[in-house]
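Novice: Given these sequences and hints, build the entire structure.
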Amino acid sequence: MFKSTLLLLSVLASAAFACEPECRHGLAAAFAAFYAPVVQLSVQDLHHTFSGTLFNATIPKQVSAVVPEEALRAGLMNSLSDTLDLFVDQAAGKPLEDGIYSVMFSEKDPFKGDCNNPARLTRKMPPAGESWRRDECVKMDYICGNPPSICHFLDPIKLRIVTRLREQLVGYATFDNGFLVRNVVQTVKQTTSAVLAQYGAGSLIEDPNVTAYIDGLVSNSVRSLDTWAAVDVKQLCERPGQLEACNGWDEEIIPEILKWP
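Going left to right, the sequence shown walks through residues 1 to 261 as the working numbering numbers them.
No lab work stands behind these hints, which were simulated from the structure alone.
Certain hints may be false.
Said to hold, decoys possible - The list that follows gives simulated cross-link-like pairs (lysine-lysine, PhoX-like), each with its CA atoms no further than 20 Å apart: (1) Lys124 with Lys259; (2) Lys112 with Lys124; (3) Lys108 with Lys124; (4) Lys112 with Lys61; (5) Lys112 with Lys259.
Keep in mind the model is a prediction, meaning the values are calculated, not measured.
Specialist: Below you can see the structure in the form of structure tokens.
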């Protein structure tokens, strides 16, 4: 009984010096703040893809006779831009933070557990009001539950996060269950109908040639999403224009990590 009590106290004591839930959620939010611009950059690539491929379709003569092609193009691109802005707000919010939390603290090799066996540091936590030191990051060379361990494995953590972010973005663009593809398809259909109505040609929506044209726009938009997911998202954080956004903030996140007890 006495040995069991000592073991329990030991476990509780070591847990008290780990990154507790407040710390974990705080760090997930901090990392998410740095990866939100990465989502924005990736979606900018999608916007460029739409502008280059969406209109690879011949406008029916009955439409071009009453609706300027440029008006239709501008209406669609403006509406898609609004849709993508809303998508960035969603994707870079709670789903991003939750995904980061999972890969850091809930899935394979989580940053939890005893950091004193074997001991790497001379103290279990800093004095109140002080942070961990950079040299403690270097020394804490195995995965466990304290901030120096998280700091030590910063590069592998970033790789975990980027891998999860790629998975999330591809999922959003997947036709079966992705809210991005659903919203894009809806935007293309509704905006095309609205522009036709604006020019007094709303009844053309019933014309088989016009229906086929709108279906072509939808197919082009889905094809653009497929290309974005297969090429741009796959290369996320490897493209030259994204390197700074993905890796240029170590000196900002490290103090944030080390401030937690």
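Novice: Could you tell me which of the numbered hints above are not met by this structure, giving the numbers in increasing order?
Specialist: 3, 4
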